[in-house]
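Colleague: Spelled out from the first residue to the last, the chains are:
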Amino acid sequence: MSEQPILELRGVTQEYPLPRRGLLGARPMLKAVDDVDFAVAAGQAVGLVGESGAGKTTLTRMLTGVEQPTSGDVLFEGRNIWTSGQDHWLNFRRSVQVVLQNPRSSLDPRMRVGHSLLEPLRSLGIEGDHRARVAEVLGQVGLDAAALDKFPHQFSGGQLQRIAIARGLMPRPRVLIADEPVSALDVSIQAQVLNLLKSLVTDLGLGLILIAHDLSVVAYTTSAAAVMSGGRVVERGPPLELFRAPQAPETRALVDAVLTVERGLAGKALE
Amino acid sequence: MSEQAIDVRDLVVRAGGLRAVRGVSFAIPPGGRMGLVGESGSGKTLTALSLMGLLPAGLGATGRILHDGADLLTLSDRRFSNRRGRTLSMIFQDPLSALNPVQRVGEQIASVIRRHTGAGRQAAMAQVVDLAAQMKLPRPEEIVRAYPHQLSGGQQQRLMIAMALSCYPQLIIADEPTTALDVTVQREVLRLLSAAVDERGSALLMITHDLPVVAAMCETVAVMYGGTIVEIGPVAEVFRDPRHPYTRGLLDSQPDIDRIAPDGSSRLESIPGMVPPLHALPKGCAFRPRCAFATELCERMPPLEGGARKAACWHPVSGPRGAAP
Ligand SMILES: Nc1ncnc2c1ncn2[C@@H]1O[C@H](COP(=O)(O)OP(=O)(O)OP(=O)(O)O)[C@@H](O)[C@H]1O
Ligand SMILES: Nc1ncnc2c1ncn2[C@@H]1O[C@H](COP(=O)(O)OP(=O)(O)O)[C@@H](O)[C@H]1O
Ligand code: SF4
Ligand SMILES: [Mg+2]
Ligand SMILES: [Mg+2]
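Chains as they are written, first to last, in my numbering: chain A, 1 to 271; chain B, 1 to 325.
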């Protein structure tokens, strides 16, 4: 995987102001992301794991250009998104899409699915007749055209997450960022969604960034992972190696927290 | 009546003209631990709420729920509320919704203790601080003076456990107690719950869709689908050698890190389709539209049959996971 990355962070730091302690003195700052390098290439699935508050979601705000980092560079196709002009910015915006944890809150309940799917194109100002694209994308996520006229409440969680993924695919992104995409779903449905994400990487050559608390979810879906803690990347490697031989104490804590049926039955899970 | 901590017989919960829970029976002995698993919408929460006498308005339960020498379904509201929190208590998925946002958490727990034991204000508060310390909360004297929103999800849930355990109930029902928590916090909360239940000799009904949690916490497991129990028995037998195709499907869809191929080729098994809504449940076995083994026979409801371990399936699977029936 020596390919040139599509999307890359170099030495990125993001600070947020904390409430002032006294009347005088400098305002204390929280480094939510602290000097992080991170990259994804076409056809590559990268995992990002870490405990709650580690800085994972903050990192995605840098990767999607929602916030500008305090320092460091965000590169899309090798060029800084904040300094390379309007055309590059627009190309970046359509090429990096996000899927969130809870599809019920990320899809507008009053909007028919067909309408929701067009939403990213409208907000990116992409004109034209998109019927063929909608049909193509529905096929990619394994839903049929009957879905288009329905409202979100008419779907199960797993189907809704497919719809949210379809919506993200509409503008033909090169990178999809999925922030805890299965933790709100039933187990049997989680498998459907993870398999779908995995096949999008191999079939469409998408770059996938998968964020999760659960190392086994990441190990199934990605070939490389970074462990975050306290805003920093504390360890990197193939997820199975991280799992078998964790080096950083934070990685070890995540590994110890993984529950499996066999460990549970062996009575070792809660030791 | 019944020697069990809880003995549920043919429980039916009606919602409108539909049966959301369709004849559920199980028993948990004193100090026993049972897991209740299944997809969302399968009827787990309504079963739990029936046991607590907390069904939402408009829903009605029939059958028998034997507990502490009474049939709970025949109790008056007043007599039921006298038991709630005392002989049986419940821990909810979302601790914030179960706590009063404008009252300090310690006072809320103290008022449960005072109502059921008649302890004085100060004695009750001292017990609360003790409980908070047992739950490994840092600086317990301070934490009990916090309002719910000032605490993390893990801290809130530890206090909910403390509240549920405060009166040494015979039965504790925990409905998805760790689903909203981070995995590292989840493990700590499960450990504390486990130790606290043991110490009090309480029975536990653990509701979750997380099979590893059940494997770690419970002795027996009941698997629900479409409002009925489709498989029940000792947890090691059911999980190592499932008989019902749905149970096997659930186990196969677990992302189990010990079974992943290093070359990235592993695919998770998944159960096709989704749980049908109540009004569209098929005739006969509710799992039929998603089941690879379904035959015409399955248009009749399969009975829940067997010895210590029972399954409701006309064509039960067996042998190592992944094999045909
Ligand atoms: N807009 C903000 N202002 C101030 N602090 C923030 C802001 N956004 C995030 N933080 C803080 O930055 C840290 C990292 O938060 P972030 O949301 O990135 O964590 P996370 O790893 O995504 O956690 P989770 O797994 O719970 O989603 C936390 O301490 C959080 O409280
Ligand atoms: N208040 C209610 N009114 C009507 N139907 C309900 C109500 N609560 C739950 N149901 C229905 O009953 C079934 C079982 O729900 P529930 O017990 O909450 O499932 P679980 O806890 O297993 O996810 C579902 O089909 C659900 O839609
Ligand atoms: S009874 Fe038939 S449809 Fe139901 S689980 Fe068994 S084989 Fe499948
Ligand atoms: Mg986050
Ligand atoms: Mg429920």
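Misleading hints may appear alongside valid ones.
When the alpha-carbon atoms are kept at most 27 Å apart in a straight line, the in silico DSS-like pairs for lysine-lysine are as follows [to be verified]:
id	chain 1	residue 1	chain 2	residue 2
1	B	K136	A	K268
2	B	K283	B	K310
3	A	K150	B	K136
Derived from the structure by calculation, the hints contain no laboratory data. Just so it is clear, the structure is predicted and the values come from calculations on it, not from any experiment.
Colleague: If a hint holds in the structure, say so; if it doesn't, say that too.
Modeller: A quick look at each hint next to the structure:
Distance hint between K136/B and K268/A is fulfilled; the C-alpha atoms sit about 21 Å from each other, no more than 27 Å. For the hint pairing K283/B with K310/B, the CA-to-CA distance comes to about 21 Å; that is within 27 Å, so the pair holds. The suggested pairing of K150/A with K136/B is violated, with an alpha-carbon distance near 48 Å, which exceeds 27 Å.
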